[in-house]
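Starting from the given sequences, assemble the full structure and let the hints guide the process.
Chains as they are written, first to last, in the numbering used here: chain S, 1 to 152; chain D, 1 to 174; chain P, 1 to 200.
Calculated from the structure, these hints are not laboratory results.
Remember, predicted model here, so these are calculated numbers, not experimental data.
Yeah, the Cβ is synthetic: ideal placement off N, Cα and C, and Gly gets one too.
Examples of chain S residues lying across from chain D (beta carbon under 8 Å, computed):
no.	residue
1	LYS53
2	GLY56
3	VAL110
4	HIS111
5	GLY113
6	TYR115
7	THR120
8	ALA121
9	TRP122
10	VAL123
11	VAL124
12	LEU125
13	GLY126
14	GLY127
15	ASN128
Using C-beta positions, here's what the derived DEER-type ranges look like:
no.	chain 1	residue 1	chain 2	residue 2	range
16	P	GLY17	S	GLU96	42 to 52 Å
17	S	HIS55	D	GLU21	54 to 64 Å
18	S	ALA51	P	ARG66	36 to 46 Å
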Amino acid sequence: MKLAISLFLPMFLLNALAAGAADMALEAKLVWGTNDDKTDANCKPVDADLAGKLHGMFKWKNYYEITNRTAMMPLDQMCDLKMSDRCTLKLKNVGESRIEVHCIGQGKQVHEGAYMLAPTAWVVLGGNCTNNTAWFIGLRAVDDSKRAVTKN
Amino acid sequence: MKHDFEVKIQARLDGELSEQEARRMDEWIARDAEAGALAAELGRLKGVLSRNETAAAVPESREFYWSKIQREIQRMDRSVVAARGGWSWRRWAKPLAGLAALGCVLAIVRWETSPPAFDEISATGEGMEAITFHDQSAGMTVVWLQDSTPQVKKASDAPAAPISIPDPGESEVE
Amino acid sequence: MSTDHEKSALAEPDLVGLAQQGELTAFEELVARHRDKIYARAYSMMRNEDEALDLSQDAWVKGWQRLKQFQGDSSFVTWMTRIVINLCLDQLRKQKRQRAESIEAMEEESGGVERHMPVIVANPTEGLERAELRARIDRALGQLSNEHRTVLVLHEFEELEYKEIARRMKCSIGTVMSRLFYARRRMASLLAGLKRENSE
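Listed below in structure tokens is the structure:
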């Protein structure tokens, strides 16, 4: 018995540590691109880092953060993030800083793909909305030291 | 003044008359006050317009603008290859088989060492297409989703998007 | 094959030559150099950002397909400008067929209110800063009909002759002359009106 514990306990602990190390903390933002100036309290301009990147790439004058979610994603587990009543992300951490993304819009799968995520780089999904506006979903890995544990 | 004469004054200004006609128009403009005033107005406007066109700039980044052009060029190249009948399989069977075997060996070796570094786009929804590009300097990968049906190829014709933004008054910002 | 960085240092004839041999990166460099000009021409004709973006990109794709036909008789950007102009004209013709004919539209063809306008004697653009003048011209162009604006753009900015404009717009030289005349009168009136608005 002691032999079994001494053999298997280190393996179990190592495995648990390895699994913890492979967990990924992720940040997801739903952003609205528009040329209108919004003064509504719920229309918060997106942070400067992402705003700069979006301004450099796209044509809209303003980018507002509609939803911001963070999640801890264990390895090989599917995680749902509800970004709005009409948009849900199904995400899976597949290891080596890669995630599978399934984007569900109004009940239908709009897109699926697999991407590398790093704390310094954004993966942005986007598309046109009505009235010459656009939606964006920004994803990035969050630095370990800033993890907020929010499971959805 | 008759319209025929008005457009002739204009044509004189634009250098569209023969030498003889131009001389006759110059004489008339010099002696007729109304013709002279019209010539002056048209001349002023011509000078102002030619020097003061506003230069609009593309409201998208270089990479994004180019990605759509590149994608269309590649799509057309693929359809040209398909129209020509593509590969002649008999001719290429043996070399392809050899390459495939080599490829399998390499894939197995690579799989043991590291996962692929490229992004894999598995699928988009029905009627949608995705344009993907990487901007290394900005540290951003962008996947732009749009309707792929021909009659709505233009962005301005796009129907309501599958992802829509809720009324900001109802949003949950955390 | 030269790197992307080296391509930005290449002279245009060399880039065109490489692109004609199938080097897409050379063509990308050409797009980067001239995209604003081609887009600006499309925007001046269509007055719609999305349409101008789509048509300018269509023009680049067509340019790539027809690149081997470019012989160097004109500059590359002039050749590309002709392509985007033709695409814009096609699109305007399509829109015209879809648009219901209106009395206003018919009057615009024949001159309408411009027939009765007095000649503008004072120079409405005198004393304006260049940026303000350009902004007013741009606003006034936006208020013209498609036909008036097209003929003005092709003549004043592209410096095409009446005969060439008639060929591209698929109309008679007489129609070109009439449209150009009324477009100019309308512009003069709009610029004078904008000056009056600003001074009130």
